[in-house]
Every structure is written in structure tokens, then in C-alpha cells.
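Q: Each chain, written out:
2 protein chains.
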Amino acid sequence: MALAKESPPASSKNAADAEAAYRAHTRLWLRLLACTSLIEGELRRRFREEYDFTMPRFDVLAQLDREPSGLVLGELPKRLMVSAGNLTPIVDRLVEDGYITRTPSNLDRRVQIICMTVEGRKTFRRMAKSHGAWLAELLAEFPENRLDGLVGALDDVKGAVRNALQHRERT
Amino acid sequence: MALAKESPPASSKNAADAEAAYRAHTRLWLRLLACTSLIEGELRRRFREEYDFTMPRFDVLAQLDREPSGLVLGELPKRLMVSAGNLTPIVDRLVEDGYITRTPSNLDRRVQIICMTVEGRKTFRRMAKSHGAWLAELLAEFPENRLDGLVGALDDVKGAVRNALQHRERT
DNA sequence: TCAAATTACTTTACGCCTAAACTATATCCT
DNA sequence: AGGATATAGTTTAGGCGTAAAGTAATTTGA
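These protein sequence lines are chains X and W, in that order.
Okay, so the first sequence: first residue is 297 according to my numbering, each after it adds one.
Okay, so the second sequence: first residue is 297 according to my numbering, each after it adds one.
Note that these hints are calculated values from the structure, not bench results.
Take the hints with a grain of salt, since some may be wrong.
Identical copies look the same in the list; a pair holds intra-copy or inter-copy alike.
[Stated by the list, open to error] In silico lysine to aspartate or glutamate, EDC-like type, Cα no more than 20 angstroms apart, as pairs:
#1 K454 x D444
#2 K454 x E437
#3 K418 x E315
#4 K425 x E336
#5 K425 x D361
#6 K374 x E338
#7 K454 x E336
#8 K418 x E345
#9 K454 x E338
#10 K418 x E392
#11 K425 x E345
#12 K418 x E346
#13 K425 x E315
#14 K425 x E338
#15 K418 x E363
#16 K418 x D348
All values derive from a computational prediction rather than experimental measurement.
Build out the structure end to end from the sequences listed, making use of the hints.
A: Take a look at the structure:
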């Protein structure tokens, strides 16, 4: 918290400079938010209309798709960056609907292994294909040769934020 | 929906090309989502811890800050890109807490004008300053001279998606 | 003029999300 | 061994988000 306020540059226009920097960073944040919510809203709508599904449910299946032997439940909150409590009812419903199974581990009865069913995998693959096509359609107008550059910049943003958070955590 | 599937390029490797394009677009989407949720989570945490406030409430005040004469309630869903029903309880609570006022219009009794109170404005300004500083802190490691380029790219993404949505709407 | 359509907003039902408290199991340590 | 601590997961309370149905005021138009 103290960082931004208490390490002013040598310039004499500290306040103005800080204001300008704030505005630039805020602008970036607003653009990020606008792009994400625009795309997210449309993906949400299509998942609902075409598959009667939600994105969080899809995200869980996506994590399981590459783990044929299943996944420890505790891995999901980390990978999906959501809270553990949030996942309980989502996983519950995926089990009810027959897309995944949930089995207690024999070695540690606190731990549960979740695993995609054959039916779940089939459904997921179908949705994943649509998901890719929807994104390609929505982003079609953005020149393909700029995609990698943008992804790289976003990776750098992500790294910068992560570092800032870690730094803060150690304090 | 048909677009991505039924307008293949002249190349002979249609399926593979499409898959590769899907992956590139999906990668961009995942990065966008990661950056946004990383920053959003941290901003949410700080709003709660330092001001016992939430981002949606802050967003409403931000819209009102530049409208000294108040705003028609119906403008908010458009500007904030959220549903009208969602705003009702948020506005209710901001009124209860004394940050804004809500007055029925004399000309059209369906319409309500909302307006920030003096107290609301004071609180908002304080929070807005922190908000800017938080973002500057989180993004500090990202080189400033790349900010504008990234913002420009995101503007192009936004425009591309908007066009794709309009295009779809007319269909 | 007055019934039909439109507009502004609210309500309802339901899912996602968090933080914080809780349960059950496992591990650590004396 | 057996109490303190840690870990895996669930539950609870409460805010945000949507879609769809409902209410009240206004406008349209035959």
C-alpha cells in the first residue's frame, strides 16, 4: 500500500505524474474488464442456449479432460483460481448429472478423487469444439498475426501482477 | 454459428488449420480471463478490507461522479453492461447508506433520477484514489512504455467482438 | 377515446463467488 | 499413547449476476 504513495520520482511534478500513471493503469484495467465481460457474457449465453450448461461447469470438465486417471479434488480450486467452498455444489451437480465420479481415497479418507465418465468426456469434447469455434468467430476480425503479441503482453501483465501479489504477501 | 464451420479456406489442411486457429484464440481468451480475475480478486479484497465496499457499488458511484445533475436510472445498465434487475438492490443499498438519492421524475413517473450526495462524493473520491494506486502498484512491473500499445490492442479486440456480436444480431 | 403496445423498473428463481466457521481425518510431537 | 496442530472438504451467510415474469406509467393509433 505504501509503495505507490511513498516512493515518488525525483521530478518536481510528483502529484501530476502519479495522477497520469494512475490514469494509464486504470485505462488498461477498464479495457481488460470490458473485453473479458463482453466475451464472457456471449460465451455464457451460448453455453446456456445451446447446451444448457455454464462456464464454471465447463471449466471443471476441461481440467479433468487431460487427467485420465482423475484428479484430487483439492487441485481444482488452485487450478481454477476459485474458492474451495464454491466448487462443492458445482461438483455435486456434475456427479448427479453423470459427467464425473467422486471417490474417496483409500490412503487418506479426507481426500476425494474425481474423474470424468465416458459420457462426460463425450459431452465435453462436443462443447469444447463449439467453444473454440465461438471464440474464433468472436475474434475473427482481430488480425491473426497480432494474436501472439497480445498473448505475450498479457503473459507479462499476469507475471507482473503475480509478482506484486507475492511481494505483498511476504510483507 | 455456421460461419466458422462452413467457410473453410482453400488450403487442403482445413481441419488442422481450424484447430490451430481455435487454439490461438482460446489461448488469448484464457490469458484475458487470467489477468482479469487475478486483478479483480485483489481489488475486491482491498475494497472489502479497507473500505468494506464492493466493486459493483464503486462502479455505480463512478458513473455518478461525472454527472453533477444526476443520471436517469435506466442509463446505468447500459453503461455498466449489467442487467437492470441486478442494479435494483445495489442502488437500494447505496440509497440506504446515504451515498446517493433516488427521485422520481415529475415528467414521467416511471423514471427515476439518481444523484450522488455530498457524503457519497467524498467517500467515492477517497476510494477512487486508492483504486488508482492499487492498480499502479499491481501493474508496476509492467513497463510503462508498453501500456499504450496494450490498451490499443485491447481496443481492437473489443471492437472486433462488438462487430461480431452486431453482425450476429442482424442475422 | 380507449384498448394495445411500449417503456422503466422490480421481483423471483436460480447459479456463481467469497469469507469464515465447521467436521472429520491425519500428522506431529512430547 | 494422546493432545495440539494441520489439512481436505463442506456448510453458512451474504453479495453479484442472469433470465424471465410482473407492475405501473406512458404512448400509439384505430
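Q: It remains to establish, for every hint, whether it holds in the given structure.
A: Against the structure, the hints:
1. K454 x D444: Classified as both; 15 angstroms inside a copy, 17 angstroms across copies.
2. K454 x E437: Between copies only: 10 angstroms across, 25 angstroms inside.
3. K418 x E315: between (53 angstroms within a copy, 18 angstroms between copies)
4. K425 x E336: Intra 17 angstroms, inter 28 angstroms, cutoff 20 angstroms: intra-copy only.
5. K425 x D361: Within one copy only: 13 angstroms inside, 44 angstroms across.
6. K374 x E338: Close across copies (16 angstroms), not inside one copy (26 angstroms); limit 20 angstroms.
7. K454 x E336: Close inside one copy (19 angstroms) and across copies (12 angstroms); limit 20 angstroms.
8. K418 x E345: within (19 angstroms within a copy, 44 angstroms between copies)
9. K454 x E338: between (24 angstroms within a copy, 13 angstroms between copies)
10. K418 x E392: within (17 angstroms within a copy, 50 angstroms between copies)
11. K425 x E345: within (16 angstroms within a copy, 41 angstroms between copies)
12. K418 x E346: within (16 angstroms within a copy, 47 angstroms between copies)
13. K425 x E315: Between. Shortest inter-copy distance 9 angstroms satisfies the 20 angstroms Cα cut-off; intra-copy 45 angstroms does not.
14. K425 x E338: Cα proximity of K425 and E338: one copy only (16 angstroms, versus 32 angstroms across).
15. K418 x E363: within (15 angstroms within a copy, 52 angstroms between copies)
16. K418 x D348: within (16 angstroms within a copy, 45 angstroms between copies)
Comparing the model with each numbered hint stated earlier shows that all of them hold.
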